[in-house]
Amino acid sequence: MTTDPMIRVEGLAQRFGNRTLYRDVSFTVATGEVFVILGGSGSGKSTLMKQLIGLLPPAAGSIEIAGYRVTGPGAVPAREAAQRKIGVMFQSGALFGSMSLLENVMLPLEVFTDLPPPAQEAVARVKLGLVGLADAATLYPAEISGGMAKRAAIARAMALDPPLLFLDEPSAGLDPITSAGLDRLILDLRTDLGATFVVVTHELASILAIADRCLMLDRHAFPDAGGVIAAGDPRRLGAESTNPTVRAFFRREPLPVEAA
Amino acid sequence: MPTPTSGLTTTEASGRTVLAFDGRLDASSVARLWGQALGAARRARDRALALDLSRLETCDMAGAAMLAAVERAHGVPPDLIGANQQVSALLARAREAGAPVAPAPPPPAPSTKEMLHAGLTAAGTGVVFLGEATLAAIRLPARRRMIRWADLLRYTDQAGVSSLPLVVMLGFLMGLILAFQSAVPMREFGAELFVANLVSVSLTRELGPLLAAVILAGRTASAFAAEIGTMKVNEELDALVTIGLDPMTMLVLPRLAAGLIVMPVMTVVLDLAGLLGMAVVMRGFGYPLSIIETQVQYWTTPADLYGGLVKAACFGVVIAAIGCRAGLSTGKGPRAVGLSTTAAVVGGIVATIVLDGVFAVFMNRLGI
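Note that the protein sequences, when read in sequence, are chains Y and F.
Mapping of the first sequence onto this note's numbering: residues 1 to 260, in sequence order.
Mapping of the second sequence onto this note's numbering: residues 1 to 368, in sequence order.
It should be emphasised that the hints constitute simulated quantities derived from the structure, not laboratory data.
Just to be clear, a hint being listed does not mean it is correct.
Anything over 12 Å on all C-beta distances counts as not near chain Y; from chain F, calculated [stated by the list, open to error]: (1) 31; (2) 73; (3) 126; (4) 130; (5) 176; (6) 187; (7) 272; (8) 290.
Partner residues aside, some chain Y positions facing chain F, computed with beta carbon under 8 Å [stated by the list, open to error]: (9) 94; (10) 110; (11) 111; (12) 112.
Between beta-carbon pairs, the in silico distance windows are [said to hold, decoys possible]: (13) F:7 - Y:240: 55 to 63 Å; (14) F:157 - Y:161: 32 to 40 Å; (15) F:107 - Y:72: 31 to 39 Å; (16) F:23 - Y:175: 43 to 51 Å; (17) F:141 - Y:67: 26 to 34 Å; (18) F:131 - Y:161: 32 to 40 Å; (19) Y:59 - F:107: 19 to 27 Å; (20) Y:56 - F:125: 12 to 20 Å; (21) F:301 - Y:142: 48 to 56 Å; (22) Y:59 - F:122: 22 to 30 Å; (23) F:57 - Y:222: 45 to 53 Å; (24) F:124 - Y:81: 29 to 37 Å; (25) F:32 - Y:139: 50 to 58 Å.
Note that beta-carbon positions come from the ideal geometry of N, C-alpha and C, so glycine has one too.
Just chain Y, same shape as in the assembly (with noise of 0.2 Å):
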């Protein structure tokens, strides 16, 4: 078992046109670690979750997932290895429409493993079953509710048991009791399966419920771009942090006239 962490980020930027969405992003995940990315709309946290998935290049520095150097140069075959170390749960789900959850499901075990077809179903059964579904199995994700989605959305992010997985905003647009599910879910999957999670919100009740660390994205961090505002556990930061953004948000509070 390796003691470096899942993943290293130094010195990370992004710009669009002539705008720096951010720059001077640096982190490290600790491998089975709940992770959370999080800031107010525009600051960039979906946009830092595409480049440490690899469907964005950075516009500067480098990012290491589970060993690999997946920026920079030559980096393609370390990407296509890291790839199969992580499972990515979108926004909307993005389940594939013309397949059933267990189809969905069963697809990433078709292609990269040797298992027969039923214990490829078997697998995805299981899977299906951890985050609540197995009775949903042949149902198709336009027949299914947006909670259900995000839940069958994690249990294909699952399918080949990666060391890291990536939930973008799981609680968004979820009534509280099903996104209280969600949260314990992560947590009872982190301590059954010892898998990494960074997660993409800015809902503060899932955050206090599952983070161990985090890291706060703002868009005004320097005068001409965004970046990290505060970093470490979100149960100290709101009383810690001298950042006027950062404690409103963790107080839950419209920011300060001054600092607005």
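Starting from the known structure of chain Y, arrange chain F on it as the hints suggest.
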């Protein structure tokens, strides 16, 4: 419901203009009072202005927006008379919002150079797409698990089998019309009999593949673009990539194969239906079937037929590719899917006709 009374009275008193509003200041009364109130405020620029709000019944956000606009039109903050707390609070918010900002001027019409550049860029991305598709095809043996054969059958069915009734109907009508239209002038020369040759050669060489291509572009390229475009909008393509699946291999190649397979079949069916239509007209002119058959067999060479089928297969791949590419380059939101679908149909038809021209030159050079 009685019409709510509202009005504006302008009075001059001791060197200042007083605008007195009464009744309800809501969207409907503001619509009437806007011009009058702002005009009065502009005319009073050299004097002090006061707004008498003491007789207002209610004021909503539209009313507050007008009061703020009156203040800005006058320039100097006016005195407020008898404004209650609600009106003052709304007015304060309306002041914060500031003056309406003039919309940015529309971007200048693109110059010829820019349009040329955009066209070349589009052609360049087309070439890149073809390269990527070829690469995916070369790597296919290593990635054969990503191919879902059921999908290939589904696309073939969707593109080919379910379009057969349409193909038969259009082919039959095409043959019928072509035969009838050409029979009229040819009759003048006593050359009616050769209508059979004309229709059969033009269908197999030219019109069959072309018409099948138009059907494929309209029915199938659009469907490919909409399907893949919706997947892109729903982040399903991103999901494929993060699972480690290649959209080129999984989504594009089976569709290209479907285009390649169905087009020659569609063309043959269309040719046959067209010949049938022609035969109906010729029978009407009193020619027996055996003579029509002899004319067709004698004058239509295998090269005509095979040339047409090769052309059809090329059209099929290119049209399917244009549909897939339009889908993959979809932007964000439902509107983008519509744009992609249009691009797929238009691109498919244009590419077909351009390719047809290229084929005409080549076949002429090769003596086919």
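Comparing the hints with the structure gives:
no., hint, verdict
1, 31, "holds (34 Å)"
2, 73, "holds (28 Å)"
3, 126, "holds (23 Å)"
4, 130, "holds (21 Å)"
5, 176, "holds (39 Å)"
6, 187, "holds (55 Å)"
7, 272, "holds (34 Å)"
8, 290, "holds (51 Å)"
9, 94, "holds (4 Å)"
10, 110, "holds (7 Å)"
11, 111, "holds (5 Å)"
12, 112, "holds (7 Å)"
13, F:7 - Y:240: 55 to 63 Å, "holds (60 Å)"
14, F:157 - Y:161: 32 to 40 Å, "holds (36 Å)"
15, F:107 - Y:72: 31 to 39 Å, "holds (37 Å)"
16, F:23 - Y:175: 43 to 51 Å, "holds (45 Å)"
17, F:141 - Y:67: 26 to 34 Å, "holds (30 Å)"
18, F:131 - Y:161: 32 to 40 Å, "holds (36 Å)"
19, Y:59 - F:107: 19 to 27 Å, "holds (26 Å)"
20, Y:56 - F:125: 12 to 20 Å, "holds (19 Å)"
21, F:301 - Y:142: 48 to 56 Å, "holds (52 Å)"
22, Y:59 - F:122: 22 to 30 Å, "holds (26 Å)"
23, F:57 - Y:222: 45 to 53 Å, "holds (51 Å)"
24, F:124 - Y:81: 29 to 37 Å, "holds (31 Å)"
25, F:32 - Y:139: 50 to 58 Å, "holds (56 Å)"
Going through the hint list in order, the structure satisfies each hint without exception.
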